[in-house]
Amino acid sequence: MRVIEPWVAEPLQRFLAESAARVVLLTTSSGQVVAQHGFTRALDVMSASALGAAIMASTDELGRLTASGASRSLSHQGSSRGLFLAGFDLPQGRWIGLVVYDHDSSLGLVRLFFDRMVEELRALAPVDPPAREVLAADFENELNASLRSLFGR
Amino acid sequence: MKADIVSALESITRVRGVRGAMIVSAEEGLVVAESSMEGIDGAAVAALAAGVVARLARATEAAGRTAPAFVHLRAGAGGLMAVPGRGDLLVVAVTDPEVNVGLVRLELRRVAEDVA
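Protein sequence lines, in the order shown, are assigned to chains L and R. The opening position of the first sequence corresponds to residue 19 in the working numbering, with each subsequent residue numbered one higher. The opening position of the second sequence corresponds to residue 3 in the working numbering, with each subsequent residue numbered one higher.
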């Protein structure tokens, strides 16, 4: 498990232990990575975070179009692995969680412990995160710094 | 159909000491239908009960035995009973410590045969 924000580590560790999830990725709604577990390649993290953010943005918009509201979560059941994708709000803004699980877990367990992790994150999140402007010039540097932190190189 | 399922579950919750009953999707651990689950987090019970039953099934399979036909989890303040139904469904009852286990088991199996 690798985290960018230290206060995320404990709730995420507990979620991993209790849900038996195989892969977890926490990102901001713009796709910036906050924490990951289970990925071995930086490229996979970048792809998954971008796809997760795009899917959540699409489903949020679909929810608005159909008046069903912003999407809370969605799931996909594959033949051997399931995928759970959910958005949640923190003082830092909207974050996205992407979870991959297999036969050692279930959608119900992942949802149950994911909700508990979100509650813990809300309780631990710094109340007044510093607001700052995101500049295009900073974006690549920040992305590279995040990936170095997440993969230890 | 939903009314039939809830009505079937009520035959379980009518047993004295049963606090609630539900039908759970065993693979996903999600609630399909529930009856009299006041004060109980049904989603949590469904997820955890399905997880316990799945692990027990894997354990008995590893031991060369068939999957359990009835699971009874006893705790200090109550208990949980589960009977796998047809397909992917599981019939679950949450009980007080003092309950007629045989009668609940009978009702769980009946619902599992009729509905699940």
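Rather than coming from a laboratory, the hints here were simulated on the basis of the structure. The beta carbon of each residue, even a glycine, is placed where N, CA and C say it ideally should be. Please note that the accuracy of each hint is not assured.
Selected chain L positions facing chain R (in silico; Cβ < 7 Å) [said to hold, decoys possible]: (1) SER48; (2) LEU130; (3) LEU165.
In silico negatives: residues of chain R with every beta carbon more than 10 Å from chain L [to be verified]: (4) SER27; (5) GLU29; (6) GLU30; (7) GLY31; (8) LEU32; (9) GLY41; (10) ALA46; (11) GLY53; (12) GLU63; (13) ALA64; (14) THR68; (15) LEU75; (16) GLU100; (17) ARG107; (18) ARG111; (19) VAL117.
Far from chain R, some chain L residues (derived; all Cβ distances over 10 Å) [stated by the list, open to error]: (20) THR46; (21) PHE106; (22) SER123; (23) GLY126; (24) GLU138.
Hints and how they fare:
1. SER48: violated, 30 Å
2. LEU130: holds, 4 Å
3. LEU165: Violated - the Cβ of LEU165(L) stays beyond 7 Å from chain R, reaching only about 33 Å at its closest.
4. SER27: Incorrect as stated: the minimum Cβ-Cβ distance to chain L is 8 Å, not above 10 Å.
5. GLU29: The assertion about GLU29(R) is violated, with a minimum of 7 Å to chain L.
6. GLU30: GLU30(R) not clear of chain L: closest Cβ-Cβ about 4 Å, inside 10 Å.
7. GLY31: violated, 3 Å
8. LEU32: Incorrect as stated: the minimum Cβ-Cβ distance to chain L is 5 Å, not above 10 Å.
9. GLY41: holds, 17 Å
10. ALA46: violated, 5 Å
11. GLY53: Given a closest Cβ separation of 5 Å, the condition is violated.
12. GLU63: Holds, because the least Cβ-Cβ distance between GLU63(R) and chain L comes to about 12 Å, which exceeds 10 Å.
13. ALA64: holds, 14 Å
14. THR68: Check passes; 18 Å lies beyond 10 Å.
15. LEU75: At about 16 Å from chain L, LEU75(R) clears the 10 Å cut-off, so the statement holds.
16. GLU100: The claim holds: GLU100(R) sits with its nearest Cβ about 28 Å from chain L, beyond 10 Å.
17. ARG107: holds, 24 Å
18. ARG111: holds, 23 Å
19. VAL117: With a cut-off of 10 Å, VAL117(R) remains clear of chain L, as the shortest Cβ separation is near 19 Å.
20. THR46: holds, 27 Å
21. PHE106: holds, 17 Å
22. SER123: At about 7 Å from chain R, SER123(L) fails to clear the 10 Å cut-off, so the statement is violated.
23. GLY126: Its Cβ does come within 10 Å of chain R, the nearest being 3 Å, so this is violated.
24. GLU138: Label holds. Min Cβ-Cβ 16 Å, cutoff 10 Å.
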